[in-house]
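Trainee: Below, each chain spelled out in residue letters.
Protein chains: 2
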Amino acid sequence: MSPQAISGSITVPRGFEAAGVSCGIKNRKRDLALIYSEVPATAAAVYTANQFKAAPLWLTQRHLADGKAQAIVCNSGYANACTGERGKEDALRMAQLIAQELNIPPEMVVVASTGVIGRYLPIRRIEKGIPELASLLGDDDNGAAEAILTTDTVPKKVAVAVELANSTIRIGGIAKGSGMICPNMATMLAFLTTDARIGPELLQRLLRDSVDKSFNMITIDGDTSTNDMAVILANGLSGGAEITEGSGDCVSLAAALDFVTGELAKMIAKDGEGATKLVAISVEGAGSFPEAKQVAFAVANSALVKTALFGQDPNWGRIAAAVGTSGVEVKEEKLAISIGNLMVCNNGVGADFSMRKARQLLSAPEVEITINLNQGRQQARVYTCDLSYDYVKINAKYTT
Amino acid sequence: MSPQAISGSITVPRGFEAAGVSCGIKNRKRDLALIYSEVPATAAAVYTANQFKAAPLWLTQRHLADGKAQAIVCNSGYANACTGERGKEDALRMAQLIAQELNIPPEMVVVASTGVIGRYLPIRRIEKGIPELASLLGDDDNGAAEAILTTDTVPKKVAVAVELANSTIRIGGIAKGSGMICPNMATMLAFLTTDARIGPELLQRLLRDSVDKSFNMITIDGDTSTNDMAVILANGLSGGAEITEGSGDCVSLAAALDFVTGELAKMIAKDGEGATKLVAISVEGAGSFPEAKQVAFAVANSALVKTALFGQDPNWGRIAAAVGTSGVEVKEEKLAISIGNLMVCNNGVGADFSMRKARQLLSAPEVEITINLNQGRQQARVYTCDLSYDYVKINAKYTT
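Just so you know, the sequences run in chain order A and B. First residue of the first sequence? That's 1 in the working numbering, and the numbers climb one at a time after it. First residue of the second sequence? That's 401 in the working numbering, and the numbers climb one at a time after it.
Some hints could be false.
[To be verified] So the derived label-pair ranges between C-beta atoms look like this:
{"#": "1", "chain 1": "B", "residue 1": "Ser-754", "chain 2": "A", "residue 2": "Asn-347", "range": "58 to 64 Å"}
{"#": "2", "chain 1": "B", "residue 1": "Gly-538", "chain 2": "A", "residue 2": "Glu-333", "range": "37 to 43 Å"}
{"#": "3", "chain 1": "A", "residue 1": "Arg-205", "chain 2": "B", "residue 2": "Lys-734", "range": "33 to 39 Å"}
{"#": "4", "chain 1": "A", "residue 1": "Ala-65", "chain 2": "B", "residue 2": "Ala-751", "range": "31 to 37 Å"}
[Claimed, not checked] The list that follows gives simulated cross-link-like pairs (lysine-lysine, BS3-like), each with its CA atoms no further than 25 Å apart:
{"#": "5", "chain 1": "A", "residue 1": "Lys-393", "chain 2": "B", "residue 2": "Lys-793"}
{"#": "6", "chain 1": "A", "residue 1": "Lys-331", "chain 2": "B", "residue 2": "Lys-488"}
{"#": "7", "chain 1": "A", "residue 1": "Lys-357", "chain 2": "B", "residue 2": "Lys-797"}
{"#": "8", "chain 1": "A", "residue 1": "Lys-53", "chain 2": "B", "residue 2": "Lys-731"}
{"#": "9", "chain 1": "B", "residue 1": "Lys-453", "chain 2": "A", "residue 2": "Lys-334"}
{"#": "10", "chain 1": "B", "residue 1": "Lys-734", "chain 2": "A", "residue 2": "Lys-53"}
{"#": "11", "chain 1": "A", "residue 1": "Lys-397", "chain 2": "B", "residue 2": "Lys-757"}
{"#": "12", "chain 1": "B", "residue 1": "Lys-488", "chain 2": "A", "residue 2": "Lys-334"}
{"#": "13", "chain 1": "A", "residue 1": "Lys-393", "chain 2": "B", "residue 2": "Lys-677"}
{"#": "14", "chain 1": "A", "residue 1": "Lys-397", "chain 2": "B", "residue 2": "Lys-793"}
{"#": "15", "chain 1": "B", "residue 1": "Lys-677", "chain 2": "A", "residue 2": "Lys-397"}
{"#": "16", "chain 1": "A", "residue 1": "Lys-331", "chain 2": "B", "residue 2": "Lys-453"}
{"#": "17", "chain 1": "A", "residue 1": "Lys-277", "chain 2": "B", "residue 2": "Lys-797"}
Worth flagging that the hints you see were computed from the coordinates, not collected in a lab. Think of the CB as a built atom: it goes at the ideal place given N, C-alpha and C, for glycine as much as any other residue.
Working from the sequences, and respecting the hints, build out all of it.
Mentor: What follows is the structure in structure tokens.
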């Protein structure tokens with residue numbers, strides 16, 4: 001039975017609280033978020049593949065070396081990336097102030113930032129905002145879900161409850177996406193909580209596998225941020241037994257985690273900067289999964305394909321051209337391309353299809369493009385969005 | 401002495417004629433071009449790296465196997481790519497009809513096409529247009545320069561005269577670019593003529609080297625077309641002696657050829673779809689030329705960098721992030737970035753610069769971004785353009 005979403009997000013699992021405030025980094029918008037577990041939690045994280053990692057990631061990697069954490073603090077507005085030693089000091093200061101308010105060691109605090117790269121944090125404003133932030137901790141997850149956003153238009157939240165053999169656990173998550181979204185830890189930020197009891201190595205492996213199937217399979221614009229991070233805290237307060245490798249409960253937990261990360265990933269793709277539609281690019285008939293994925297990303301990152309999707313234009317030749325430059329060896333005469341269930345290209349040449357039907361399919365809020373290479377049995381699916389005027393508008397104006 | 405442009409293009413070298421007509425592929429625009437040499441010419445060409453090569457490229461590769469050609473025919477509007485056997489027959493038909501009109505063997509005809517991928521050529525219209533096209537051959541290069549364009553806003557023409565030891569030679573060229581422009585034979589189409597006398601192997605090497613330094617160093621949108629081709633015809637009518645490998649004349653010819661291809665490449669970048677400015681991305685202090693080039697292309701292809709350039713926004717953090725994901729190992733603390741002569745990032749962190757001055761530099765029609773990795777002595781320069789509303793507009797509407 002596949003997991004079903006319930007309402008709420010990070011505060012659904014037992015023993016978790018959250019809060020979000022406006023501390024003055026951004027103009028009248030929430031910009032500082034906190035997630036807190038009543039008890040120390042097992043923690044795991046995966047980070048951006050960008051070699052210029054932001055200061056908060058540098059600090060968080062150190063704080064999670066023991067697989068334990070109890071709080072996550074995150075600001076939006078500035079990324080605290082490309083900020084040198086001062087950036088590291090600012091990230092540490094955030095951890096120290098949160099630790100002081102919550103009466104926990106600074107090493108139990110995960111720090112994250114998102115926003116403009118290359119500017120120093122307005123650390124005085126953050127310092128001032130932290131006491132209020134801590135005082136607002138509670139069941140309401142909306143403040144935190146909003147405070148981590150930048151150009152996102154909607155908060156991204158999901159929660160599930162999972163029946164294990166002898167207990168029930170819950171998983172919740174919030175995420176932000178929108179721009180600078182591409183493979184290799186694509187989310188920018190995802191914060192996940194669960195009341196399952198689990199050890200740090202197994203939690204790390206489950207998170208890594210789940211991220212590879214979700215956040216690493218979406219792309220908005222082919223750019224990879226300096227600040228991407230997905231973190232999960234597991235506090236064990238469900239009351240159930242510890243989940244061990246290879247058990248039925250482990251399989252259930254993994255499926256539920258995949259559901260949560262998959263839903264958040266789709267929400268990020270759908271809310272890509274300026275996006276008017278969610279687009280699934282499925283590549284079938286490939287010789288291997290990496291080849292299928294490589295072709296899917298070549299198509300999903302093509303500016304020409306994405307503008308055609310915005311224009312509801314069944315210009316499949318652009319898809320074929322992107323396949324042809326993907327770096328994967330493909331036989332032109334075997335290529336087939338469908339929009340939804342409408343075949344537009346077969347055996348490498350145009351199929352006889354209804355232009356009206358194709359435009360109708362492309363005008364839906366969710367579009368599926370299937371590319372069959374007909375040279376193997378492996379497949380991959382990548383989610384992306386279209387490229388619209390608003391992507392240009394948003395990004396031509398972002399810093400100022 | 402560096403070569404100087406003179407007026408005109410492909411008909412400047414002795415013994416070349418050209419023409420362009422509207423044969424009805426496009427609505428009231430010129431769409432069929434012809435270039436003709438009075439005598440058989442030495443010919444060389446380089447082709448797209450896209451593995452789905454268009455039918456005319458398949459045919460041209462065969463026709464140039466002997467290093468000889470006498471005419472080039474090119475239509476715009478349809479690319480004759482992803483058109484299977486029928487596409488090959490149509491390309492051959494174009495060669496045969498031109499050969500018949502000009503009284504030369506079909507194997508002496510180079511065929512090129514550009515436009516929408518995946519549609520069959522309206523071959524009857526082309527058949528009808530060819531007699532008029534041949535009858536219009538003459539000194540005027542404007543018809544041919546216009547007839548090869550698609551979404552380009554201006555024809556791209558250049559010519560030089562070069563003093564060799566004992567004679568003068570001329571080189572002329574026309575090109576089209578605009579969209580689907582990226583490394584590995586980026587031009588979409590460039591047709592070059594010269595009256596120099598030269599053998600096919602040396603001409604091929606000079607063309608390949610020159611393309612690597614020019615058309616392969618520009619990018620508009622990261623997409624590589626199925627139809628890219630650069631062709632040069634050398635008919636030897638200058639009256640000078642044959643140019644041989646390693647001679648002073650060979651050095652002069654190579655320099656002149658580099659000038660012609662370099663100018664055409666910059667014209668293509670500047671006239672990229674929706675472009676408001678020409679942007680040079682120079683990477684210095686790299687360990688090797690391929691590494692410098694890789695970093696430069698990562699920056700030049702970043703949608704976030706290109707939208708910031710459109711918005712005249714000195715958001716150097718996006719440039720840093722693109723450098724960090726380029727795949728080249730770079731030390732963050734050594735990175736320096738300048739806009740024109742204004743340093744905006746030094747030692748990996750923001751420099752103290754005037755925002756007003758930065759915006760002023762970014763509002764110019766030509767912008768130079770210099771990225772110093774400070775870890776070697778090699779450099780590369782890539783030309784690109786910004787990403788504007790009009791790129792989206794043009795490409796959301798292209799097929800219909």
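Trainee: Give a verdict on every hint.
Mentor: Consistency of the hints with the structure:
1. B/Ser-754 x A/Asn-347: 58 to 64 Å: holds (60 Å)
2. B/Gly-538 x A/Glu-333: 37 to 43 Å: holds (42 Å)
3. A/Arg-205 x B/Lys-734: 33 to 39 Å: holds (35 Å)
4. A/Ala-65 x B/Ala-751: 31 to 37 Å: Holds - the Cβ-Cβ distance for A/Ala-65 and B/Ala-751, about 34 Å, lies within 31 to 37 Å.
5. A/Lys-393 x B/Lys-793: This hinted pair holds, its Cα atoms lying about 13 Å apart.
6. A/Lys-331 x B/Lys-488: Distance ~17 Å between A/Lys-331 and B/Lys-488 Cα, so the pair holds.
7. A/Lys-357 x B/Lys-797: At roughly 17 Å apart (the allowed maximum being 25 Å), B/Lys-797 and A/Lys-357 satisfy the hint.
8. A/Lys-53 x B/Lys-731: holds (11 Å)
9. B/Lys-453 x A/Lys-334: holds (14 Å)
10. B/Lys-734 x A/Lys-53: OK: B/Lys-734 and A/Lys-53 at ~14 Å, within 25 Å.
11. A/Lys-397 x B/Lys-757: Roughly 17 Å between the alpha carbons, so the hint for A/Lys-397 and B/Lys-757 holds.
12. B/Lys-488 x A/Lys-334: Holds, because 17 Å separates the two Cα atoms, which is no more than 25 Å.
13. A/Lys-393 x B/Lys-677: holds (17 Å)
14. A/Lys-397 x B/Lys-793: holds (19 Å)
15. B/Lys-677 x A/Lys-397: Holds - the C-alpha atoms of A/Lys-397 and B/Lys-677 are around 17 Å apart, at most 25 Å.
16. A/Lys-331 x B/Lys-453: Between A/Lys-331 and B/Lys-453 the Cα gap is close to 11 Å, so the pair holds against 25 Å.
17. A/Lys-277 x B/Lys-797: Between A/Lys-277 and B/Lys-797 the Cα gap is close to 17 Å, so the pair holds against 25 Å.
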